[in-house]
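Participant: Sequences listed follow chains S and A, in order.
With our numbering applied, the first sequence covers 1 to 220.
With our numbering applied, the second sequence covers 1 to 616.
Check before you lean on any hint, since a few could be wrong.
Claimed, not checked - Here are the simulated lysine-lysine pairs, DSSO-like style, with alpha carbons at most 30 Å apart:
#	chain 1	residue 1	chain 2	residue 2
1	S	K100	A	K332
2	S	K137	A	K244
3	S	K197	S	K213
4	A	K495	S	K91
5	A	K509	A	K426
6	S	K157	A	K8
7	A	K79	S	K150
8	S	K31	A	K426
9	A	K512	S	K97
10	S	K147	A	K512
11	A	K5	S	K214
12	S	K31	A	K512
13	A	K495	S	K97
14	A	K586	A	K576
15	A	K488	A	K509
16	A	K94	S	K130
In short, the hints are calculated from the structure, not lab data.
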Amino acid sequence: MIYRMKFEKRDEVKYIGHLDTMRTFTRCIKKTNLPIKFSSGFNPRVQLAFALPLAVGVTSECEYFDLELNGDVECQEVIDELNKNFPDGFKVLTCEKLEKAKGLMSLVTEANYEISILVSTNNNEEIVAKLNEAFNKEQVLVTKQAKNGKEEEIDIKPLIIDLQVVDLNYNTIIVKVHCLAGSKNNLNPNYVVQVIKSVVPEEELDDYNIHRKKLILNEQ
Amino acid sequence: MNIDKLLKQVEKPIRYTGEELNMCKKDLKDIKFRYCFCFPDVYEIGMSHLGLRILYDLYNRRNDTYCERAFAPWVDMEKLMRENNIKLFSLETKTNLNEFDMIGFTLQYEMSYSNIINMLELGGVPLLSKDRGENDPFVMAGGPCSYNSEPISDFFDFIVLGEGEELNLEVTDEWIKWKEAKEPRIKFLERIANIEGVYVPSFYDVSYNEDGTIKEIKPNNKNAKEIVTKRIIKDLDKVTYPEKWMVPYLSVVHDRPMLEIFRGCIRGCRFCQAGFLYRPVREKSVEVLEENARNLIKNTGYEELALSSLSTSDYRGFFKLADDLICEFKPKNVNLSLPSLRIDSVSLKLLDEVNNVRKSGLTFAPEAGTQRLRDVINKGITEEDILKGCELAFRSGWNNVKLYFMIGLPTETYDDLQGIVDLANKIVEVYYSIPKQERTKGLIVTVSTSTFVPKPFTPFQWCKQDDVETINKKQEFLKTNLTNRAIKYNWHDSKTSTLEAVLAKGDRKLNKVLLRAHELGCNFDAWGEFFDYDKWMQAFKDCNIDPFFYSRREIPLEEILPWEHINIMVSKEFFKKEFNNAMAEKVTPNCRAKCAGCGAAKFGCGVCFETKGVCV
Ligand code: SF4
Ligand code: SF4
Chain S
1 MIYRMKFEKR DEVKYIGHLD TMRTFTRCIK KTNLPIKFSS GFNPRVQLAF
51 ALPLAVGVTS ECEYFDLELN GDVECQEVID ELNKNFPDGF KVLTCEKLEK
101 AKGLMSLVTE ANYEISILVS TNNNEEIVAK LNEAFNKEQV LVTKQAKNGK
151 EEEIDIKPLI IDLQVVDLNY NTIIVKVHCL AGSKNNLNPN YVVQVIKSVV
201 PEEELDDYNI HRKKLILNEQ
Chain A
1 MNIDKLLKQV EKPIRYTGEE LNMCKKDLKD IKFRYCFCFP DVYEIGMSHL
51 GLRILYDLYN RRNDTYCERA FAPWVDMEKL MRENNIKLFS LETKTNLNEF
101 DMIGFTLQYE MSYSNIINML ELGGVPLLSK DRGENDPFVM AGGPCSYNSE
151 PISDFFDFIV LGEGEELNLE VTDEWIKWKE AKEPRIKFLE RIANIEGVYV
201 PSFYDVSYNE DGTIKEIKPN NKNAKEIVTK RIIKDLDKVT YPEKWMVPYL
251 SVVHDRPMLE IFRGCIRGCR FCQAGFLYRP VREKSVEVLE ENARNLIKNT
301 GYEELALSSL STSDYRGFFK LADDLICEFK PKNVNLSLPS LRIDSVSLKL
351 LDEVNNVRKS GLTFAPEAGT QRLRDVINKG ITEEDILKGC ELAFRSGWNN
401 VKLYFMIGLP TETYDDLQGI VDLANKIVEV YYSIPKQERT KGLIVTVSTS
451 TFVPKPFTPF QWCKQDDVET INKKQEFLKT NLTNRAIKYN WHDSKTSTLE
501 AVLAKGDRKL NKVLLRAHEL GCNFDAWGEF FDYDKWMQAF KDCNIDPFFY
551 SRREIPLEEI LPWEHINIMV SKEFFKKEFN NAMAEKVTPN CRAKCAGCGA
601 AKFGCGVCFE TKGVCV
């Protein structure tokens, strides 16, 4: 039986990269009392599939992985066992049984991110205006570091479905992005940060945080 | 200023974030004593160090104590910290070093000394012990280099000598009593100076002769002992083991839990400091080890477990332990890693069983190229052993052999270097003498040479080290003569070893050189890309000190050594005897074959009492 888990990745573990996260999950799952199904072959592995990898430094409340177990276990028991063994910062939120599962990765179509910006000016309004202007342009150009080390310019506008700039006062501005995601067309939220950095002067940008709010899976 | 902003800009932020599986979390309001274990190198190296694991676990088993960790920040992080006025902080609670009650460094290698000073500075702790006040933490050190901590003694309030399982807890108890008694700072040091194994450098005066040699080392405080003796744990089965092993997110150097099977080494190779420092050999029982192993795997979910000791094959219960562990863990897909194994047919069979896929390199450490020189250094391995081992290995599918040698050993001549070349060539011949279908293609014989560094507490402590030019010539000789295409030659930078010898054998006069080197920007000297020999030489010059007084001088056997007041329970008489045996090319049997009367039997435990009855 396949179990689809939704989990969160909080602040204290946000710098752990995708591969390191997978390795840790594998170890933690082996610590549980769950009837784990190992792959056959020379080097048996825990059968674990993730959805869209999260960029380093990004927190999330909607990560997914599929885990294969032998036999039928109550969902709540799976959640409890995993949470008992996971390090702080990771927490399984929900669990769902599936008879068959298509590759999780291929199901991802869209995502929602919230990028909160901490500014050191009381001029929120001006920044909000500048951000709106930047994102409302015909093209939103960012530089991409290509594999060969060269830089190229790309337009992220076609990847953005919707974008809102919300002024929360108290020096905080939130950019909410609804965008394409998945293995075909995917917006890396760090590009949005790049745009923000080009608009907000360096000395006024105190810090920022990227949070993945929602992953939309195309289930059929 | 928050740390998060810096973390976004550095190469590996998880070096600084902690939160690993099994990291210890505590409520600070229950804590009386806050300690920070400082490892003077980057996270990946520090987390591979068994001592850190043991002490972290030891302290944190106490309800009144919280032990946290700090590592040397990598250069990118250090730069940002300095620019933004961020102090060096612990991984657990992100507390600055200067806010702890005590911080402890491990002195693993001399080339990390500059990192220690840098970490103190980054942590906001006054560098010199004499400048620390009532609100500063106590700064301590332990580890192998602390047996001669004189070159760096001004930076520490006290040093602990030997194994920490009892000693460090006694110091903690005393700190809590001292704190409750509200006594001045000095009183704490006086209290602990009475504990065996604690060395308070400021409680000793060192006077010098006109030629720079030491005249006298004398306590100046009535609480200080004339001679400080190291501490050991007599029965390793009775002390705790870090079964709640932390699992780093980052791939560290040794990314697997270690199972320490015994301490010490029976062999007594004359250049090897570890072989003498950790005497006598004390083994753990197979039952306790199996229990440890079970819990380590249960608590971590690791896919590999490594046995750890100076010489795995010397563990008397080795085959039983290995068989049991394989039986238990193979079905659970946990591999067993068996480092420093002597290669013979039995061990090869075992390796075959545990290494179900990889046939990575086999390692031999003859250390010297001729039997004569191997007798001088008391390395009990013969050419026949090596060639036999290689042949067996080649026949069972290995094709990659690594050989470790030292150059610049006492009494070495070019004949001995030629011996290295001959031995490597003979191994190649052995390989080609095996019929093609019975060996794996693509032989690689890697010859690595390090430079001999005379170390305190060895029979070679009086010996001098070759100068850089001589070493370079010897390396050149090997480069030109190791010509076979199957042979690869690696060598260590001779300048690093030069400084290592000076810092290993130096006295208190070197403290000011270390400070000067720090001012000149020396840091991460153990990393080739940062080591700046010229800066160090500049520091010696600025302080008007000749470094080679310490390392390139034959020291007369009767001279007072900088570490004369430290006792590792291996007698100076024994080292003298061993020195003379070396010069006479006479070997000394290992502890199990015949006790050599080194003095360690006074501890009343371990190999000295195994079956030979009482030692002298
Ligand atoms: S075998 Fe020799 S070199 Fe190795 S640890 Fe023992 S004494 Fe040292
Ligand atoms: S006293 Fe004898 S058996 Fe014990 S450590 Fe020394 S040489 Fe070895």
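Participant: Confirm or reject each hint.
Facilitator: Now for the hints, and whether the structure bears them out:
1. S:K100 with A:K332: Distance of about 27 Å is within 30 Å: holds.
2. S:K137 with A:K244: Distance ~55 Å between K137 (chain S) and K244 (chain A) Cα, so the pair is violated.
3. S:K197 with S:K213: 22 Å, holds
4. A:K495 with S:K91: Cα-Cα ~51 Å, so violated.
5. A:K509 with A:K426: Given pair K509 (chain A), K426 (chain A) is violated - Cα atoms ~48 Å apart, limit 30 Å.
6. S:K157 with A:K8: Holds, at about 25 Å.
7. A:K79 with S:K150: Holds: K79 (chain A) and K150 (chain S) sit about 27 Å apart, inside 30 Å.
8. S:K31 with A:K426: This hinted pair is violated, its Cα atoms lying about 49 Å apart.
9. A:K512 with S:K97: The given pair, whose Cα atoms are some 68 Å apart, is violated under the 30 Å limit.
10. S:K147 with A:K512: 48 Å, violated
11. A:K5 with S:K214: 25 Å, holds
12. S:K31 with A:K512: 51 Å, violated
13. A:K495 with S:K97: 63 Å, violated
14. A:K586 with A:K576: 13 Å, holds
15. A:K488 with A:K509: 41 Å, violated
16. A:K94 with S:K130: 36 Å, violated
When held up to the earlier numbered hints, the structure conflicts with 2, 4, 5, 8, 9, 10, 12, 13, 15, 16 and fits the remainder.
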